[in-house]
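Visitor: Using the sequences and the hints, build the whole thing.
Those protein sequences? They're chains P and E, same order as listed.
Each residue of the first sequence is one higher than the one before, starting from 369 at the first, in the numbering used here.
Each residue of the second sequence is one higher than the one before, starting from 108 at the first, in the numbering used here.
Please keep in mind that the hints were generated in silico from the structure rather than gathered at the bench.
Check each hint, because a few of them may be wrong.
[Said to hold, decoys possible] Residues from chain E that keep clear of chain P, each with C-beta distances beyond 10 Å, as calculated: (1) T109; (2) R110; (3) T141; (4) L159; (5) N160; (6) V172; (7) Q173; (8) A177; (9) L204; (10) L221; (11) R222; (12) P225; (13) H247; (14) G258.
[Said to hold, decoys possible] Covered by chain P, per the in silico footprint, the following chain E stretches (three or more residues, Cβ under 8 Å): (15) 142-152; (16) 179-189; (17) 192-199; (18) 239-245.
In this text, a Cβ means the ideal position worked out from N, Cα and C, and glycines have one as well.
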Amino acid sequence: MTVTENAADKEIGRDRRRKEDARLITGRTRWTDNITLPGMLHLAMVRSPFAHANITSIDTAAAKQAVGVVAVYSGADLADFQGACINAWAVTTDQVTPPHLPMASGRVAFAGEVVAVVVARSAAEAHDAVELVEVEYDELPAALDLKEAAENKVLAHPDLGTNVTAVWVFDSAEAGTGSDVDAAIETARADGILIEREYREQRLIPSFMEPRSVVVDPTGEQITVWSATQVPHILRFAIAATTGVPESKVRVIAPDVGGGFGGKLQQTPEEMLTFAVARRLGKPVKYTETRSESLMVGHHGRDQWQRLTLSATKEGRVTGLKVDLLANMGAYVAIVGGGIPVLGAFMYNAIYKFPAYRFTTRNILTNLPWTDAYRGAGRPEATFAIERLMDELANEVGVDPLEIRELNWIKHEEFPFTTVAGLEYDSGNYEAATAKAKDLFGYDELRAEQKRRRESNDPVQLGIGVSTFTEMCGLAPSRLLGQLNYGAGGWENASIRMLATGKVEVITGTSAHGQGHETAFSQIVADRLGVPFEDVEVLHGDTQISPRGLDTYGSRSLVVGGEALVRAADKVIEKAKPIAAHLLEASVDDLEFTDGRFGVRGTDQGMALTEIATAVFTAHDLPDGVESSIDAEATYDPVNFSYPHGTHLCAAEVDTETGRVSLLKYACVDDVGVIINPLIVSGQVHGGLVQGIAQALWEEAVYDDAGTLVSGTFTDYLLPTAADTISFDVGHTTSPSTTNSLGTKGVGEAGTIASTPAVVNAIVDALRPWGVHDIQMPCTPARVWSAIQNGAAK
Amino acid sequence: MTRISLTVDGMNVSDDVEPRMLLVQYLREKLGKTGTVVGCDTSNCGACTVHLNGESVKSCNVLAVQADGAEVRTIEGLAEDGRLHPVQEAFRECHGLQCGYCTPGMIMQSIDLLRDNPNPSEEEIRQGLEGNLCRCTGYHNIVRAVQHASGQLTGAEGGSK
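Guide: Listed below in structure tokens is the structure:
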């Protein structure tokens, strides 16, 4: 049975308005911070102002006397009680992993680390008393600069003896997926083109709109944790694994969650401390971070130096790529922090056929906040690097950037294609996506306009940025994760409950926080079971309701979770079939299931699936030996990733007198396989685009020389506003994925991955006549203006 | 403590509040109006936007005592007799929200914007929403939603491209 064809009456492919919206547009929401329980206490954190220091004393006496204060704890008070923050991915067997306690005791390793907690009757009283906790520190030298830290000049954790947590290497010659990259480089040096560059992936802050919040109620037999998290199942596991509280005694609920972008896939110190304090006091406790805390200590993203060598023939055919990364882990290796550069390792060859490839990442500890997944997680970094290099190569050869890409990319007829990084790309059509994008963009007209402005010496120049990309989505095949030494699997679970009234409950182990699963999953089930869209209720984000799941990140929910759902639906049909045959007095072999109904072939007799649900409820007349349930559960482990791709084109105006960059037009064509809900997919693309554009132009976590976050509020950390952005032209081509039955590929990260290099390529393209070949991100007016001055001076 | 009396979503309320209590804290903590949310502490994000005597304000930027005698309207008081306000309807129709956290503030600000300028250009919409941050939508469909609510987009065009 396939449901890939989009008949007019099918749900898949329809622009369904979202079910979620009814509550979100009326304020009828369940954010964690909304929760108020009888006797609930409030937690506030005392945080280190220093990046690296020994704690010499903590005096809590005055704080304990303050009005409304119930308790004040330091790290020593909760030492055996607080659990630990886990690192789930030791990327090498000898990874150096500093122990990470939720609350520091003895020494702090970054500014913002918790040194004491205050519990009070109200949040205001808790925050007031934080000011009364006297902490004395002896400052230590701090490892703040990534390159210096890599040389172990100052140690982030002196007892470890090194800042290098892991060195992870992929070499195509060793892996047998390609030839020797050094040989390719030497050949190109002698008689070809060699492009050597160093790019900076600045530190970014995910900046979800809902600050993180956690409420823990220890008063029941199970301890209930509400958290603004992407990963309720993983959090439950981590709490149990590190506190000794049996997993069966912990229930985690992710109610409405206001965005994540990777930033909420952490097991956080704040969650662990709230859990510890609630257990200690036997009362419900709430902690909600301020935005300043969120920007300061919620995990950050990117923060890498990329040293790159690309070798090519004189005609521009790439012969090899060598990548040397420095990846800033921050002070602790976060839950999958060490794995982010490793995820990127598989994507530097992108959509191209490179014969030789070597990737090395050195993961470095510093006295800065930890880094981990941020929308794209490794793949934006890889895509940025290669798409910048391909533009440099096109410039060297003297051809259009799209031409150089076409010369090197995998042709449509070559799929499935095994890459130099060892992945098997299932499907794609780069030619079609690029042709459509050019059309949507008006490529030739804009090139003509660019020429006009160059020839007339227009102070406002036009640049055209090209970015193609692919990504690995649908994390992830469990076996592969095992080979990469990851601590968990990549399967997903779904179950379907057929209610006696004909309604359908769908339970998914994925955990949406804005993606619209309730709508898209309803569409899938409605088609598969032939029930009305409105009759399907999708439940998620509560370990009691969805006991098995691995949550939402890495564009996995639809690709992996959706496939689990399809399989559960098929099991429902299979379970219902013998009952239908019995009730219809027909042979099972004579039944066919279409549009929600079992029909007896060659007759007009039949019975709806929902009628069978009722028959199972009464159970008055079931065949012998058949259980009175047609509910079903399925767990699906993907055999491969899916590989969405796309071509993005950006036209940017650069004011050469001020360095100001403005977007003129942005068109993209993404091939995300079969689309369940085009409305939702476009929304994901739009949002992703702006996040990627923001990396190119505005956002950066900036620190002073002492390791204090300077961009610590939304006044200083420049999240784009509506006035900074433009409307987008979004199109699609469809190459169904062959790795799942729905043919879907995932879309959550696509826009973010492709847009950053598209924008920077546009700026550099505008300024080539000034001799500008690179501008470090974010491309602020000051940086652009300086690049013009420096270029012109050469 | 200071006594304040005001109208919130058509209901008369009167409470003793600390002078430092913000209007948003009063709405959420005293009245249980949790539809209005807090997204920052520097009045940048606009998630807490409500109407105070008919004008949009960031309720984290107003003390509860300043609202004494005022009429406050929140996202929870927009729909009448179960019928959504046209701007609420437009946000749903045009997929102008994803996680929904910024949405209450975004809708309240959009209503204010359309009252001042019933037929805004795209540029005017973008300028008018500059004080409200959204991290999910890239603003594309929020702009469409405001255009839709102003009657500038109809039918299928009202949805997202």
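Visitor: Decide, hint by hint, whether the structure agrees.
Guide: Checked hints:
1. T109: holds (15 Å)
2. R110: holds (19 Å)
3. T141: violated (4 Å)
4. L159: holds (17 Å)
5. N160: Holds: least Cβ distance 20 Å, greater than 10 Å.
6. V172: Answer for E/V172: holds, closest chain P Cβ roughly 15 Å.
7. Q173: Non-interface label on E/Q173 holds, nearest chain P Cβ at 18 Å vs cutoff 10 Å.
8. A177: holds (19 Å)
9. L204: Check fails; 6 Å does not lie beyond 10 Å.
10. L221: Given a closest Cβ separation of 14 Å, the condition holds.
11. R222: holds (18 Å)
12. P225: holds (18 Å)
13. H247: Its Cβ does come within 10 Å of chain P, the nearest being 4 Å, so this is violated.
14. G258: E/G258 is indeed farther than 10 Å from all Cβ atoms of chain P, at 18 Å.
15. 142-152: holds (count 10)
16. 179-189: holds (count 5)
17. 192-199: holds (count 3)
18. 239-245: Holds, because 7 residues of the region 239-245 of chain E bring their Cβ atoms closer than 8 Å to Cβ atoms of chain P.
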